[in-house]
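Asks: What follows is each chain in one-letter form.
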Amino acid sequence: MAQVGRGIPRLEARSKVTGRAEYTHNLRLPGMLYAKVFRSTVPHGRIVRIDTSAAAALPGVERVVTGEDIRKVIPEPYYGPAFHDQPILALDKVRHVGEPVAAVVAADPHVAEQAVQLIEAEYEELPAVYDEVEAMTSQAIVHEVLKPAGTFADLKHLAGKTGTNVALDFHLTRGDTDKAFAGADHVFEHTFRSQQALHLAFEPFVAVAEPGDGMVTVHTSNQTPSFVRMEIARLLGWQENQVRVKVPLLGGGFGAKVYVKLEPLVVALALIVRRPVKVALTMEEQFYMITKHPTTFRIKSGVTKDGKITARECEVHWNGGAYADIGPRVCQKSGFTAPGPYDIDHIKIDSYELYTNRTPCGALRGFGIPQLVWAYECHTDIIARELGIDPVEMRRKNILREGRPQATGTKMKDAAIEQVLDALAEQMPWSKPFDRGTGVIRRGRGIAIGFKASISPTTSVAIVNVSADGSASLNMATTDMGQGSDTIMAQIVAEVLDIQAEHVRVMHTDTDITPYDMGTLGSRSTFHMGHAVRLAAEDAKAKLAALAAEAGLPPGTNYPPSEIFVKRYGMRAGNVIGSGTYIPTYQSPDKTTGMSENVTPFWMIGGTGAEIEVDTETGKVRVTRLVNVADCGTPINPRIATTQLSGGATMALGFTLFEDMVLDGGQVTNASLADYKIPGMHDIPPMYNELVDAKQSNGPFGAKGLGESATFGVSPAIANALDDAVGIRLTDLPMTPEAVLRALRAKEGRPLEDDA
Amino acid sequence: MTPFELMEPQTLQEAVGLLDPDDASVRPVAGGTALMLMMKAGVFAPTRLVSLQHIGAQHSEIGVSGAGELRIGAMATLSALERNTKAAEAFPVIARMLPRLSNVRVRNVACVGGALAHGDPHMDLPPVLAALGAKVSIVGPKESRDVAVDELYTGYYETVVGRNELIADVIVPAMQSRKAAYLKITARSADDWPALGVAVALHADGNTLRDVRLVASAATAMVMRLTEAEKILNGASADDATLKRAGDAAVAEAPIIGDIRGSVAYKRELLRVGVGRAVRQALSSRPTH
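So the protein lines, in turn, are chains A and U. Each residue of the first sequence is one higher than the one before, counting from 0 in numbering that gives the first Met the number 0. Each residue of the second sequence is one higher than the one before, counting from 0 in numbering that gives the first Met the number 0.
Quick caveat, the hints were computed from the structure, so don't treat them as lab data. Hints may contain errors.
In the EDC-like style, the derived pairs of lysine to aspartate or glutamate whose C-alpha atoms are separated by at most 20 Å in a straight line are [claimed, not checked]: (1) U:K39 to A:E284; (2) U:K39 to A:E112; (3) A:K15 to A:D674.
Partial selection, computed: residues in chain U whose CB lies under 10 Å from chain A [unchecked claim]: (4) T1; (5) R99; (6) N102; (7) R187; (8) A189; (9) S262; (10) E268; (11) R271.
Yeah, the Cβ is synthetic: ideal placement off N, Cα and C, and Gly gets one too.
In isolation and in its complexed conformation, chain U is listed as follows (with noise of 0.2 Å):
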């Protein structure tokens, strides 16, 4: 590790003025517990890290409106947004999701907003924000602007957000009726980053499914909607043959990639039967109201 400059600016406008849109070392850090990672493993090297630590209190607040709209600070900690009991209760699939998310001590430093941006395919947030049509807000230098989550993604560690922006809070769409599930398959230790995750949030009328949102992550190179799978559900009832098919579409559709973790092809079986038995997780799971 070589030296770099350390900056601690004290508003998030200040620290949008600190970095730097042309020079790929000079990288905002809030829980810093990814951007550490390669600094120990020599992938990067910064020139000047900008801290957000200490506007941290202002942009970390966890509310729940009347309407059941759920807003984070980027800020927050994952154990934060863990223990946050109204943000549990409005949406229980993020409280199943967050107590397997790497672990305890990861959770107590990592910030919402770092999960976000930063663009590892194999994390657990960004599938299920996007199934559940959460927006961000990203802060730049002249005007801030909303993203959908799904659309905050263009490659591997690409996101939209530019490297003189800052994603400042995130909203999550009340709940209503729809129901959620968020699937982690590992290949290895329960600790593992996924080698597949599927996202899915619902309408079920009676046992038609409507307005489905259907999210692959870890075995793809973002996260990424399935259009083609939601398609055959949207509409459907989710009996074995409208799963399968909605299984097979999805394995058409998504650019697996093949790791450590599994081949293409064991991928492809995995997202196969991913699909339905997300959905199923989804419609078992508890209502909210």
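Looking at chain A on its own, in the form it has when it is part of the complex (with noise of 0.2 Å):
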């Protein structure tokens, strides 16, 4: 029976629901100590003084550690995916508030915790900047030194600009947009901006660090495993293989914990206590860990006057935060996509990652994608409406087709964009009338698409362990995190092995025995993995063949592999084991202008539609129903797949109607569930999920990922029905009661007056 294409149940499914299921954060090791931490109260500012003697005077304490202390066993404590420029904790200086200046190690989390209260720092504070459009001139400058990581292909140009807190910056350019300008019919210019908010996984952050004989094992609920292994041996000095990095199931990561996060600080903890030490994060604390970038995007067009795009010029501010964290490869890699999904000779592209002095930012399901998406489908439905075209026929007349290039001169494959327009259309229906209603409650709709290019070049390896009994265990290193993963690796074994996926043991990641992933991120592993599994359980399956040709069976025999091993053994005996590596090419953008033959394997390709309800005298806006429609070539596992496209419409119904850290004087005022709040099961509208009939041809059984699509469109989906109801267009995220009442009352010139 074919098991590719089976909409079966997660396999871990039943562990979850019946409390079985391992993650860190139950895990307690004999002799283990708790670690807390002492964090800045100051935005950006010189550490003068730290006391840390009546913390270290409290009973039951076991170590106070500062920056200073981590040097003896981490003599250069700075990591960091493009830049190695976070401290473990804070040394010289502190750039965010809510920074690790010190740590409390002891036997009962409650102690560390009342002793954290006991430290005391003093700073000397320097200027701040928070916006990511003054950061570019601010004199308030983040990082003096910037120290290039030097790690990953698509980063190796990687250098900052000294002297500004310029991180990254990307350009592009195609044709002449100047000259296109001056020729179109018409010119919109429009900005758009968007809110930092952040992951919240339900597990937060958490790690443990145990030291051995010549190593350390590291237990920790993160995306990147071989990763940390490689960082935490480079911040070490030491041999990848005395670092042991063992992953069980996570509680949610959406991007927050990709490369390292609490990994070396629980290292060197751990190694100046001599005993293991965990660190587990509040919820509260996830607040100062990663968060998804704020964005300023400047969007221009020229557009003739039946409506078709000549030339387009994108200039998109990102901030960072205080660390660059894995920020560069947003603006880079999300940046050569600003123009979006349509067909446009003259383009310009200016894309700036930023330092600040807030909570780092870094990857967020979508990858800074829908901070694109959320203007430029806001930009093309004004211009549409501007000019008295349907917003589907916009789009239909621009859209970017089969074979055309994209801004970096990729030319478009296995991109399904017409087709996931067309769904929409036909879902919502389009061509349908809509009622807008008449009195207190205005209904409207709208549509938005989006697209997202694959992280490139990646590795992937897998390892296929067909046991003599028949029975197949599969060795990789990603990480199923709760979208589904490990079902779908299973799936693809058993599809290769012609046996039941059900009866595919997945392993979880322990570096010792598991090889090399690049990551769980960026919706790479169904494509990557996918290809690296594939491969092992093909190499597993030719040594199968091969093992029974050694016993003297006949090519294409139906022995079941059980038997050839008793042939070949003269017992139950012995072992398959097959491995599989992926990697696909790339070329990497021209470092002028930002083209690139080959820029991607593969892209994601999503839409939303939105139909809404808004409340004219509240201002409230109530989502009366969302289709959510992708590409991801043809699904390994469909049911899973179509989850993927509730959960990531959800999440970014949040970050469009409401979620928001709200900062004041660089303090986050509402670090807490109770006032920073996301969606809820009362706020799930109903939702239509669609998939389009599609084969990604250099995919894994016509299969690619799609994590992170049903995110890229929900924003501006949004934004455009309350514009098709009420006719106000909102240019901030998010979209809240309150910014909803006011362009309403404004736009009837009767504003809201604010108390002086």
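Two independent chains are provided; combine them into the complex using the hints.
Replies: Structure (structure tokens):
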């Protein structure tokens, strides 16, 4: 029976609902100590003095550790995937409120927490910068020295601009936008902004380090175990085989738990106290770890009178916060898609990643794409409305079709953009009349489409182990964080070996035995690891055939594997180990023009249609229906794929309507779940999910990733629906009831009056 | 969280005796849903907690008298009240409000007395009980006294309940021919604390409103009656013009505070329309008999 294409439930579902699933949070090791973190209260300042004496004197405290103490075990204690800019504990300077400054280790976490309250730090405050556009020219410089990491192939050129807050600037020029604007019938220019928000995984960051004999084991909730191993080894100056990283299931990741986060800290502490040390953050502390980039996107288009876009200029400022994390890649890789999935001859992109004195910003489900789609799909709709062209027609007229070059010059292949648009229009249904209402409640509808390039070039390795009884295990470092990777990888193994997916054992990461994987991120696993797993299973299958031949069986024998082993070894004995490695081809964008013939192995396409109700007296927007459409090629497991659409759309809904980290003088004023709300069950509208009938010709079994695709269009679809309903255009996220009411009242000429 | 003393008295009087009139670090704890959050956040560090769990059985009865009066033991959980069919039949406004009060996990442990004594203006139960004219009986070391719910609050997280007093019972007068509604407006997720709560109970003689009790919460520092708006509504009919005037009067009398859920200017607009909506909702509600 075909295993690929089966909509089986997740293999780990039962263990999760019965409470048997393994998480790092549950781990307790003999002799384990707990550490709590003392954090900066100022956004930018020189450390004058840290007084840990009272904390160290508290009974039950094992050790109080500052940045200088870390140097004793890690002389250069700076980490990061793009720049080695982040100290394990602050050294010399603090750069954002909430930055770790010291840590207390104790057998009782409550004692550690109490001791943290006794630490006193004195800072000489420095001017701070919070806004991404101001950071371009600000005299407040977040990093005086820039240290590129040089780890990843696509970020090898990274240098930063010393003396500025620019961590990376990406530029792309195709054709001549100035000339095209001069010749255009209409030129439109708008600026859109998005807010700082965060992942809020149900399982906050947690890591345990266990020192061993000439080695260290790190148990962690992390999406990139292979990178953790590499980075810890680099920090310690050890060989990679002295670092063992174990990752069980994750209670959500969403891009927060990529690269290293708590791991350098737990390792340093464990090596200092020579005992296992655990750090488990609270929900509240997550507000100071990693967040979604706030952005300012100025977009300008030249358009003919019948709606053909001839030129587009995109200037995007990404607010990277105090440490670069993976922000430079967001700036570049998402940056080159800033003009949208449209066929435009003249393009100019300027994309800037900026340091500011905020919580660092990195990858969050969509990797910058939702911020871009927010701008270009609102802009597209405004143009359509101004020119009196139907929004669907406007998009159809300009859409990037198969074989046409994207902004970088890479020709579109297996990108079902038009199919996604058609499916959206049909499912809305767009051609049917729509009742917009007349009273207090008005109704509107809107659509948006977006696309994303995959990360490139990255490697995945997998091992398939067939035991003598014929049972198969899969060994890989892809992390299942709720997206269902264990299940679909088991389906791939089962398909190749002609067994049941439910019978494949998927091992969780242990880098002592698990081969390399670049990471579970950017919707790359189905494609990259999927190929590696397929290759490993094919290798195992070929080796089984060879074993059968050695045993004297004729080619094409239908003996089951268990009997082949007995025939070959005289008893139930032996193993067959298949391995597979996959890396796609890639051409880096040209440094000056941004051009590349081959910028991505595949494209992710996502579209959203929204129907909303607006309460014109309170400004409250109720989403009454969401249509989520994506191209994920041919899904390995259609059921899991569909849940990725609902999940992504729900997450994006929160970012659209209310999630917002509110900043006052560098302080996050709503850093708790009482004051920062995410969508709950009652906020989820009826949804229709559709995966268009497509095939990724270079993908494993025609499949590609889709974990982010449903996040792309939610915000602009709702903003477009709001315009459709009541004729107001919001350009800042989130679109809170207050923002909507203020816009409505401003339009009516009776603005809300604030007290002086 | 630092160590503290946990007392588990067996009687109400014993519990009162363990409280300290002069020490803010000694507090009673019923369901603990609010107090535990404060302790986790480091806002409250107790030296002694007096758990009321062991006296819960004696003080959690819910009953509706023949005359229609509702009596709720302070240790009744919110979900016990939610599931009580007699209370739901007699006071449909309470039954409509409870399913949207926080979430089922909170309702399963949070107690009615704690929900009233906590003094957080964002809670749903106090404005509804204040509008219905409920009173609480408060037990102290020497005597007990009755206080109307709308006179329970003196400020943000401040009540007239002394540090060595406990709410023992809640008495809600019969609905009779009254109608009531509670309007909860959230600015963010549906399960957020409200940006505004408006509760109303009233009699309707044909088109004429009388005995209107109108209460605001969440947008104000404490649960409070909107007496000026009540004056406009009493004796008037619920037409658009009257409701608008009542809304304007409410905005004029209510000291609104701005927060992360909305500015003062925005919450004023919510209250302006909220008053009329609550009255209309009450009028269209199902009669109890």
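Asks: Are there hints from earlier that the structure breaks, and if so, what are their numbers?
Replies: Violated hint (a single one): 3; every other hint is consistent with the structure.
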